[in-house]
Amino acid sequence: MVLSDSRNPATVVRTITELEEQTSVGEVLVRNLVRAQLRLALYLAAIVVVLVGGLPLAFYFSPTFAHVTVIGVRLPWLLLGVLPFPLLFGIGYWYNRLAERHERDFVNMVES
Amino acid sequence: MELNPWAIGGIALVGAVTFYLGFHSSRLANTTPDFLLARRLVRSRRNAAAIAGEYLSAASFLGIAGLIMKDGIDALWYAIGATAGYLALLLFVAAPLRRSGAYTLPDFAEVRLGSMALRRLCTAFTVLVVMFYLLPQLQGAGLTLATVMPVPSWAGELAVVALVTMNVFGGGMRAITVVQAFQYWLKLFAIAAPTFVLVAVVAEGHASAPALSSGLPPMFSQATTVSVRTPVELDVGAPVRLQIHGTVDGFATNGTTIWYPGITENVSAGTTVDFPAGAAVPTIAGSTADNESWLTPESSGSTGVLATYSLIIALFLGAMGLPHVLVRFYTNPSGRAARRSTLHVLLLLGVFYLFPTILGAMSRLYVPELLVTGQTDAAVLLLPGKLLPGMAGLVLTAVLAAGAFTAFLSTSSGLLASVAGVLSTDLLPGRVRDFRWATLLACLAPMVLAVVLPAEDVALSVGMSFTLAASTFCPVLVLGIWWRGLTWVGAAAGIVVGGGLVVAALVLNVISGFTGQPLSPLLVQPAWITVPVAFLVVVLVSKATPRRLPADVNRLLLRMHAPDTLGFFQDRDGTESRADAPAGLADGRHRRPAN
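If you read the sequences in order, they're chains A and B. Count the first sequence with my numbering and you get residues 13 to 124, in order. Count the second sequence with my numbering and you get residues 39 to 633, in order.
Calculated directly from the structure, the hints in this document are not laboratory data. Glycine included, every Cβ here is placed at the ideal spot set by N, Cα and C. One or more hints might be untrue.
Claimed, not checked - Interface residues of chain A toward chain B, partial, derived using beta-carbon atoms under 7 Å: (1) 45; (2) 50; (3) 73.
To be verified - Some chain B residues flagged as far from chain A (calculated, every beta-carbon gap over 10 Å): (4) 46; (5) 169; (6) 235; (7) 237; (8) 280; (9) 328; (10) 490; (11) 523; (12) 531; (13) 549.
Based on the provided sequences and hints, a complete structural model is requested.
Given below as structure tokens:
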């Protein structure tokens with residue numbers, strides 16, 4: 013059988029659950045959690061922006077750097093064609109671990 | 039082009055398997071949540087493969103290799119940016135967006151800011167982004183089919199539209215989740231296996247060509263005849279002696295001529311050019327003419343550097359605003375699972391993007407005639423035939439063509455399903471029947487456009503939809519998730535200004551295409567100005583309209599950021615699916631600790 017969706021989804025989403033009403037303390041704590049998660053995300057994004065986003069400037073200002081050859085391949089081709097991918101995954105993995113740790117700490121704090 | 043029966047077999051097989059998987063699982067899909075988000079039962083790894091399968095489009099499979107062949111190292115930023123976009127998604131959007139419990143971007147806008155006007159605006163821009171994205175997919179499909187068999191390019195476009203519509207029509211989101219997870223692995227195989235074989239062939243020394251490291255223009259390793267089908271302007275890097283039959287610079291030419299560097303030759307359609315072995319390859323005016331600047335990054339000065347940064351901004355911030363990417367996040371069971379599958383996507387994309395680079399560089403060596411006609415998107419498909427004449431080459435071409443066709447199918451399915459979801463819930467009552475009508479509507483428009491408009495480089499047109507997404511949806515998402523001060527007026531103003539600027543740049547591009555006046559690279563890729571302006575407008579207008587702040591902003595932020603185990607978030611379909619789903623399927627699913 014087929015059910016149609018609610019015409020006004022926002023009212024359903026905005027329904028206050030019992031849990032939400034019980035944890036006005038949690039709402040104060042959540043501000044700290046949001047701030048911690050945002051700081052973490054910005055910090056890791058900055059690492060990527062500096063390491064990967066700095067490359068065009070580095071190539072532009074140092075033509076010799078752009079011409080270095082490593083085992084028969086130009087260094088810029090390795091720096092742009094291969095290395096960014098493990099770096100991006102590594103940063104993502106790191107973020108996941110730290111973000112989940114923040115959430116665990118938060119849960120412990122709320123439940124204790 | 040000549041008929042390649044292997045390739046046709048491969049494409050037919052891909053089409054048949056896609057249809058079978060879609061049909062098979064669509065028999066299980068019969069409720070509205072099924073259609074819209076695969077009932078959120080999709081596991082994070084399979085969801086990751088489905089996300090990657092949907093994301094790796096014609097631009098990734100054919101376009102990036104083609105651009106690398108033409109422009110060299112600077113085109114590598116397409117692959118990096120497309121992957122880094124998922125990191126931005128992971129860092130700033132993935133888990134909170136999933137917990138917000140909305141289906142689509144218009145949904146998010148309404149849940150977060152409570153405005154129907156903003157919702158309608160988001161719907162309009164979602165449709166626009168999808169059109170931009172769908173268009174090059176269809177044109178790429180036409181190109182692929184025309185490369186392996188003697189049919190006009192609209193045949194391929196029609197084939198993709200028909201297959202995808204049948205699939206989405208039949209099963210909606212759940213069907214394509216299975217199909218797209220399968221399609222990621224198919225695409226990876228289809229690009230990796232031929233690359234390994236071709237690299238082995240070159241390493242064995244079966245094929246000879248001048249090395250790329252020399253400071254010379256690319257060279258024809260054997261005598262080559264090139265038929266020019268669309269008018270081109272060509273530059274040469276060294277004097278070339280060649281035979282021309284046709285029209286050059288407006289004069290009918292028939293016989294031997296010499297082209298010199300520094301003079302741009304205007305070759306009309308219908309002209310054939312014979313190059314002797316060892317001749318320097320002319321390239322499209324304005325593209326990278328000699329191998330030295332092809333190998334070296336940022337050879338076009340400070341404007342080139344700024345254009346590179348503009349591209350990086352567009353791709354890094356644009357991925358999170360693509361409707362077919364966003365809709366996938368709602369199929370994760372929890373915020374934590376959304377983060378995990380995004381991380382997995384980073385891995386899958388990184389592995390895939392190693393291969394187009396290798397194929398693009400090899401194409402510059404072995405199929406340089408594409409630099410003359412400018413149809414570098416076909417490079418990946420023509421490379422095996424050049425390196426391995428005979429059966430082996432045909433089979434490899436077949437594998438690549440099947441992979442490319444998979445790319446069009448998966449991306450188009452995702453785009454179509456997402457835009458149909460948006461249209462059916464926003465403009466129609468949102469029943470399954472409406473979803474099907476929306477699908478039909480959504481695929482007709484791009485089909486017509488694909489046939490009418492001239493084809494551009496696939497990766498370039500896809501870049502434009504990233505720019506549009508980055509200048510409209512990205513500020514709304516990021517600020518909506520992290521900033522309490524956002525108001526619907528600010529969000530709407532940002533979307534209108536950012537989107538308007540991108541559309542203006544696009545109009546300028548189209549006009550320059552007609553007049554022949556080359557446009558500054560900074561207008562061809564306008565993200566460097568449109569994205570900061572969009573962010574600024576959102577923040578300033580929001581600050582100026584503090585009375586429009588949603589009253590429940592604290593509760594909304596709590597829901598988006600509180601860990602899943604606390605059970606703060608509630609799905610939009612939470613109450614309805616319970617009545618309908620088989621016992622145990624819908625009840626408390628997202629409250630269970632992930633994995």
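Could you tell me which of the hints above the structure violates, numbers in ascending order?
-> 3
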